[in-house]
Structure formats: C-alpha cells, structure tokens
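With the hints as a guide, bring the two chains together.
Residue numbers (the working numbering), protein chains in the order written: chain A, 282 to 384; chain B, 1011 to 1484.
Hints were generated in silico from the structure; no laboratory data involved.
Accuracy of the hints is not assured; some may be wrong.
Ranges of calculated distance between the beta carbons of each label pair, as one might list FRET restraints [claimed, not checked]:
#1 B:K1229 / A:S303: 32 to 38 Å
#2 A:D365 / B:P1303: 46 to 52 Å
#3 B:E1117 / A:R364: 29 to 35 Å
Capping the alpha-carbon separation at 30 Å, the derived lysine-lysine pairs in DSS-like fashion look like this [stated by the list, open to error]:
#4 B:K1483 / B:K1012
#5 B:K1012 / B:K1082
#6 B:K1012 / A:K293
#7 A:K293 / B:K1483
#8 B:K1100 / B:K1229
#9 B:K1100 / A:K293
#10 B:K1483 / B:K1100
#11 B:K1100 / B:K1082
#12 B:K1012 / B:K1100
Built from N, CA and C at the ideal position, the CB exists for glycine as well.
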Amino acid sequence: MFRRLPDLAVRKAVSFTFDGRSMQGREGDSIAAALLANGIDHVRVHPVSGAPRSPYCLMGVCFECLVTVNGVGNRQACQTELRDAMVIESQRGARAVSDEISQ
Amino acid sequence: MKTVTAHDLAETYDLVVVGAGPAGLSAAATAADHGVTVLLVDENASIGGQFYRAITTTPVEAPGLLGPDFWKGRPLAQRIAAAPVSYLPKAAVWNIVAPTGPAAGFEIGVSGGGAARVILAHQCILATGALERPFPVPGWTLPGVMTAGAAQTLLKESGLVPSGRTVLVGTGPLVYALAEKLAAAGAPPLAVLDTTIGANWSAALPWLPEFLISRFAVKGLRLLAALRRCTRVISGVSEVALDGTGQGVERIRFRRHGGAEETLAVDYALLHQGVIPNIALSCVAGCSHDWDPLQLCWFPTTDATFQSSVGGLAIAGDGAGIGGAESALIAGEIAAIGAIGRLGFVAADICDGLIAGKRRQWSRSLRGRRFIDHLYQPGRQFRIPANPSTIVCRCEEVTAGQIRRAVVEGGIGPNQVKAFLRSGMGPCQGRLCGQTVTELIAEARGVTPADVGYFHLRPPVKPVTLAELAALKR
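Bound conformation, chain B alone (with noise of 0.2 Å):
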C-alpha cells in the first residue's frame, strides 16, 4: 500500500474503491493482487472505516477492552498494507459521473489537503458503510446528546470514555456492546434504557433456530448476560425525551410500556437504533434504490456482484444492505472479482466460478441476521416522531409538525417538501434527516415509503471549497 496525496494521483486508474472499511480494503487487496491498478479513497486518517476504525493506529492496546471481533480486523490491515494499492486517506469524493460512452470511464471529484482533482475510472466500487439510524426525539439536539457509534469512535480512536452519568437509549447490537465496553474500561453506564419492542419477538421467533447456529448465537448471549451484571437495564422503554438547558442534556424522561413519566439526571445520553446504508454516493452516482420493508432503509438495487443498476458501478458493504464488518469483507472480494472480470483481467467463466464459490460464503455469513433485523426493527414512535416540536432536520431545525403541514399544503414527496422547508438543504445534505421525512410523509400520506421516494442528491456531496474548485484542471 501506497500513500499518496491528492497532488499525487495518476489521470485514470482501473478501479477506483471508495471507503477504507471491511468492503472497501477487501475489494482493493482483491483486485490489486490480479494486477489492477487501484485507488482506494477514504475519509480517515487510518484505514478501518468504522466498525475497525483505528485498527492500526488506536492508543487502546488492552487487547480485552476492543473485544475479539475489533482484533479480526488485523489481518485485513496486514493484507492492504502488502497489496500494490495506491491510499488516498484524509480525502472526500464529492461527485461520481458516470461514463457516457463505453470507451469513457467514470469522472470521480475528490479532494483532500486542499487540492481537488476530477480522475478517471474504469471501474468503481463504493464502500461507504452504514451511518446511524436518526433517532429524532425532543432534545436529540442538546449537547451531550451523541450516538452510541460516536462513544465507539472516541474510544477506538482515541481511548476516550464519558466522564460522568451516562445512559445509553436505544435497542440493537451496538447498545449492548457498547454499555459492555465502557463499563470494563471502568465507566460503567448509569442505565441502559432498552427501546426494543416486545411484541417484536412474534416476527423474529421463526428466524431463532437459524439464529442460534449462526456465529452471533454464543456471542449474542454472552453478551445480554453480561449486560445485566454492569449495569442496570431499562426494558420496555415506549417513551424518551431528553431536556437540559444551554449547556447541555441534565435529564432523561422516559416511560415503560406507556406507563407514569420517570426521569434520571443525566449528563450524556448515548442513542442508537441500528445502521441504515449510507446512499449519499449511490444517489448521486443514479444508482436506482429500493425501500427493504424489514431493515427499514434505503438500499441501492445489486446483481450477484454487487454491481448497480450504472454499469461498472458496484456497492459492497453495508452500503448495499446490512450485514456487518465480516459479510462486508466477503462482499468486497466479489465486487472486486465482478470489476476484474469486466475489465479482461481474468476469464469471465473463472470469474464466475470464484464468484459463486464467494457468494455461498457470504449467505453463510448473514445466517443469523434476519432475527436480529427483526428483533431489533425500531418502533415507530422513535422513527416517525409523534410530537409536532421534535426537530427533525437538525441543519434547518424543521419539525416533525412543519413536514406534516407542508404534506397538507401539497407537498406530496421529499423534494417537494425540502423546496418549502429547506429540511435536507442544510450542511448534511439530508444524510441525518432524509429516512425520517421518506417516513413521515408516506404516513401523513398514507402510502409506503418506496411511492414516497428519496431527495435528488446533487454534487457535491461533501464541501468543496471555491479555491479547490477554481484550481480544478479542465
């Protein structure tokens, strides 16, 4: 692996893979070992994308407090570094064109160090990842108010943990596990306060006995067993709202199963319901996407080597689909073995054997998963807020109240919506806001997310400055 720099990078490469994560550094090494010219893009300073961020670089060296499944991540990194791959860290791609002619190639926009440069691919693969599901509840916005995936971030990175009370709210995986990891490195959680709907079980109980063969099975419960010794769980959570004044969150207000308000006095509240795939490159590349009813996101559409819907543009990852770090990998081995195959580096029908070989893999790595996606699907309370005040847009700061008007006033989708109320036009381009108003609009509406429709994303999706762009050469 090489490092470069912006200044650095060549006109044209075969394939240019975008994100440094499980997908992203599995596609890179795959096609680099068969002679491609690569270009991996990534936004970090360090390789690892989320679920490894940090792999090589993390302060935290007790190898129990990141836990076994952080450590897998070693020998990926041990693979980039000795792949022929060209790395292009601290850097954003903010534009993908996709060809207009077969003999042209994808036109990406990238920056990093305060240069832009518009290069050539033959081949694309994006590797985004996931973000965090919004989680809009009155006084998500407050300071203090963080994701659970940020605590993961500061203490992978940079060996930090909450300094005072803390709750974390919400239901899924990353909740336990993160309760679990701050109280061994001895800032336990004040409660966990535990969204997960019961009557969620009903759906999942047909997916247990696929769950318990699965790898998730022993490390799931051992997991919900420890939880319960550091720290005390609030189960049947149906309400939250969070008040503090201009400094910051001081406490939680929940209920149980309906029941009479409480409080706890907090100073950081740590939410999280899930990850959903990050599309922001998908959409603006005209990928086509669909709604999956059960993961309740957004998915760009895929064939058997995750190429999309634009031809030479395939998404391997969680930003195809949830599946976490390990099925990642797998997915960036097949996308890059689909790019390669497409470029004449290797037959088609070997192709197609190695690929087949892989995909069987990958389905035995999702075995498991359709229970957690259904055991831990959010309610729709903490999607779809109830309370009109609840901003929505935190850019814009545009409520749940004013969506729900706009609809009224005939704003029938998301774009329709944004030109009313500018919610999704603000810095974070709708990656925070744009599932909750699909959301709430199909219900004012009473359609389903997929009649509702997304934004029309638009470059650049990331901040360019003018000079960058001024410096650009045509």
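Just chain A, same shape as in the assembly (with noise of 0.2 Å):
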C-alpha cells in the first residue's frame, strides 16, 4: 500500500466506498491515489486473461485503473477526483450484455 507523510497540509476528510468496504480518503485525492492509500492494489480484471491489474501510470495514459464509478463504467481513477459518498466498483473481467439489452 502506499502511505501518506506524516506533515501534510490537514485536508479534509472524503468518505466512500470501494466493492461494498466503507472507506476514507483526503480531500485532493484521486480515485487511484485513495484506493492505494487504502491498501488496495488492484482495481480490476482483465477482460483478455482474468489477471488482476492495478493503477500504473497515474498520468491518464495506460488505462490500467477502470473502475466503475457511480455506476458508470470504465472511468479511470487516476483522472477523476474522489468526491464524498462515491460508489466505486471493480472491474471483473467484460462486461456481459445485461439481460435488459439481449432480450
């Protein structure tokens, strides 16, 4: 995981949760930057070979770090900045056409 230096500027606090687990992370933050400061090292599934996948880049560049946010898909959490209340969801493998679509 990464860890946050002790002498930060005090930012407030930003609560949400990540596949169902409450968690926290600081005002300022990424997406990607909360879920590895809470341990989280992958954040999804390759759709090609099922191996697990984690944030690499942080710049918006790789697209390694999709997460469902809000319910919409393949947002990348390095490029999008955690808000309060932000349901984020892994990405398990491609998606399957929902039942709703195939009907």
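The structure is reproduced here in structure tokens:
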C-alpha cells in the first residue's frame, strides 16, 4: 500500500465505498490515490486473461485503473477526483450483455 | 484566469491551448496578455501538468521535499492566475479537425463534467507533453509494478509514498531524483537497479564539456552523490524480470552485465527509462511526424514558431521533442507569439524580433541535453523484448512473440499488425505499446522505425460516452 506522509497540510476526509467496503480518502485525492492509500493494489480483472491489474502510470495514459464510479463504467481512477459518498466498484473481466439488452 | 465548465464555453476562441503544464501555461498567459481570447483545456483537476503537478494544491508543504525545481513553477502559476484566460479543467480533448478553408477554424471536440462540445479555434497550440517510455519486461503488468512518474504524482498530489520494499528500475534523471525524494520522505528504496548502458559513455563523452557548463551539471552531480548515500545502487543491470502471484509482484530477477541471476524480494517496482512525446492529438490532427534516432521516439515536425505541418496548429514543449520543463516554458511563449502574429494581433516584423530572442533563450535552455540523451539512451533489450512471452500491448495482452510472428505472416507495419492481433486497439489506443510495436517490427524487418511508421490514430482519442455524443449540438 501507499502511506501518507505525517506532516501534510490538513485536508478534509472524504468517505467512499469500494466494492461495498467503507473507506476514507482526503480532499484532493484522485480515486486511484485514495485506493492505493487504502491498500487496494489491484482495481480490476483483465478482460482478456483474467489477470489482476493495478494503476500503472497515474497520468491518464495507460487506462489500467479503470473502475466503475456511481454506476458509470470505464472511468479512469487516476483522472477522476474523489468525492464524498462515491460508490466505486472494481471491474471484473469483460462486461456481459445485460438481460435487458439481450431480450 | 477564469475557471469554466463545458457548458460555459464560447462557440469560438482565437486560440485554444491543450494542456496546462509549463508550455501550455506560458503559451496561454502570453497570448492572453496580448488581447487574444484564449481557452486553456486540461485533463487534471489543477494546473501544472506533470512536472509542476499540483503546484497550487499539493499538501506537501516542506519546501525541501519536492525540491527547488518544483517550486520554480510557482511564478508561472501566479502569472496564469492573473491572465485573462478561460480555463477548463478535468476535460478531455478527443478530436481536432483542421480547417477546410482559410475562413474556417479548427473544430475541437472536448468533453468534461458529462457534457461534450465542439468549439472553433482560429489557432491551436498542443502542449500535451510527454509520457513515460514503455518498459516491456516480463511481469510489468503485475499489480505493484508502476512507473516512477506514478510515484512522483502520488507524492506531489497526495503526499503518498510506497510502504514496503520498493525498488526503482531503469535509467535517467527521474529515477535518481525519485530515489532521493523517497529517501528524504522517510521511505528510502531498497535499491536502484540502474540499467544505464556503460557503452553509452563513449557516445556521450563529446557532449560532456557542454554539459559541464549547463544548468544540469551541478544539480546532476549533486544528485548522483546523494543517491549513493541514501540507497543501494546496483549498476550495469542488463536483464530484468518481475515475478508474482495473483496478488501482485513478489520478487525481481536481474543480471549484471549478463552475469548470474540475482533476486530481490519486493513489494513495489517502479520502472522508468525516459519520456517520449505524447503524440495522440498531433496524430489525429494530421501533423507530420518523424523518428528521432537519438531520443528514440516519434516527434511532430515543427518550424521556428513550433508550428506543425498543419498551418495554425503549433506543438509546444515536450510534445514536440523532449527538453524538460524549463525549455517547455520558453517554447510555450514562442508558440504563442507565432499564433499572435498569424492572428494579426501584433505586426509580423515585431513577432519575428521577439521570436529570434526567445529562440536563443530556448537553445540555451537545451544546453547539456545532448549529453543526457546519449548517456541515458535506453538499451535495446529493454525496448524490444527478446522473450517471446513478454506482453507488449497491455490492453489486449499481445506478446512480443505474437507480433514477430505477425510480421513473418505479412504484417509489414503497425496497422497491419493491429488488424491481425488487436495490439493498439484497447482503451489506451496504443499509447503504451505503439512505440514498442514500431521498434519490434523495424527490427524484425531489418529496417528503420521511420520506414515502419506508426498507428493511424482516429478520433475519439479519449473515451466519450454515447450520452455526451448524443447531446452534441450540430
């Protein structure tokens, strides 16, 4: 995991959930930073091989940190600011066609 | 500076600047100071780009930790704050269409905050900077393996450091600077595995005198001395592989000068072997590119004002060739003066005089760079994987062996190979594999990367939702 340095400027705590678990980050964190600070080292399962993947570049280039945010899939965790009460979910493999669409 | 949302945007701007790093900030401020209407679009939540990331918002207050070079971004941040610029943060530019006639403008597709817009710009400056060169070694997709730049970002933006056994792997100033910063922050790396090629010294040596009188010299030598005090430096690393389980990286295997295999148990491996221009938007806009045989990367060809082969579109800073933050800042000013001249805000002869002066300043800022480029040119084995099972395209999990086979089967360039294997078709659109695919094919065919070419990139270069597209005004 990543840990916060002890003598940082005070920033407000931000609460969110990741796969249903309650967590806290700080104002100014990206989602990726907040997840890494909470010991979440991998955020998705690769759609091709099923291998776990984690944030890699932290600058919006690699698309490894894709997560579902408040129901919207394929958001770049490193490019999305953490907000209070965000519901963040890992992405597990390729998306299935929902029953609603396939019928 | 006025922060705007995608909803607030005007239909037309004299100048749109993409990217709020050193080049983009100085370009936007320079143009706005001359009365040009400027929109500055950026992906991040705050200004600074990568080098000056979070310059106005970082929680890291101890000035020594981020270093004096970082805080040099402060005057630039103050300058842009005072300039009459419209600033659209947290937004992605996903398309640029060059004007079809002299009266038309660039059509720029931009989205942010759930809304997409297509706006017009008479002139455009791309200041989208650089990205870290891919480092395709076995196991580089394991959780816990990140770039050195990623660790820099986490430190600047959130004051985070890796906790656990961390190794830095690679070559170039950023590796050493990060090791020193992590040590100063109380999280010294276990080791630096230096992949710098010893033989590079002979090519670098003729440039040593120029380096020694440059602004890099004192800084660089001080850094290298400090490095050996704060961590274990393992030089001459000629081979690297990362092993792990489903949970992440567990150990790094390496050889020195092709010798016996050694291992270290690790929790994090931070990779870096230099940076290359981010050419996604210059490709989509139709600019001509060339291969730099020294920096080993594609770059858009530009004129004295950094105008690309597409008239009215300039590329300033590392996006036009790697020079670093200080030279990017000057390049931004030059590109802005060029745009102001073409817009007719300042007479051409006055612009020419200003540009000549700034070009001299820009050349001086690059002094010492040649030495660095030669010395830290990454080794072939770390750019063009010999191991056939090494993943090259992370998004579609395409290996080096598959790409070599595709060449034998008639894939003469990146676009044919893409059609065969999907390499470059995933969410990153080839940003993390394009360079490797080009070099792999060139090696397999025995030709130069310039002969092989690059992916045809098509819009949108960043994801846009269907809802955003559907809501676009026509």
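Verification of the supplied hints:
no.: 1; hint: B:K1229 / A:S303: 32 to 38 Å; verdict: 45 Å, violated
no.: 2; hint: A:D365 / B:P1303: 46 to 52 Å; verdict: 51 Å, holds
no.: 3; hint: B:E1117 / A:R364: 29 to 35 Å; verdict: 32 Å, holds
no.: 4; hint: B:K1483 / B:K1012; verdict: 24 Å, holds
no.: 5; hint: B:K1012 / B:K1082; verdict: 23 Å, holds
no.: 6; hint: B:K1012 / A:K293; verdict: 25 Å, holds
no.: 7; hint: A:K293 / B:K1483; verdict: 39 Å, violated
no.: 8; hint: B:K1100 / B:K1229; verdict: 34 Å, violated
no.: 9; hint: B:K1100 / A:K293; verdict: 21 Å, holds
no.: 10; hint: B:K1483 / B:K1100; verdict: 21 Å, holds
no.: 11; hint: B:K1100 / B:K1082; verdict: 24 Å, holds
no.: 12; hint: B:K1012 / B:K1100; verdict: 14 Å, holds
Hints 1, 7 and 8 from the list above are not met by this structure, while the remaining hints are.
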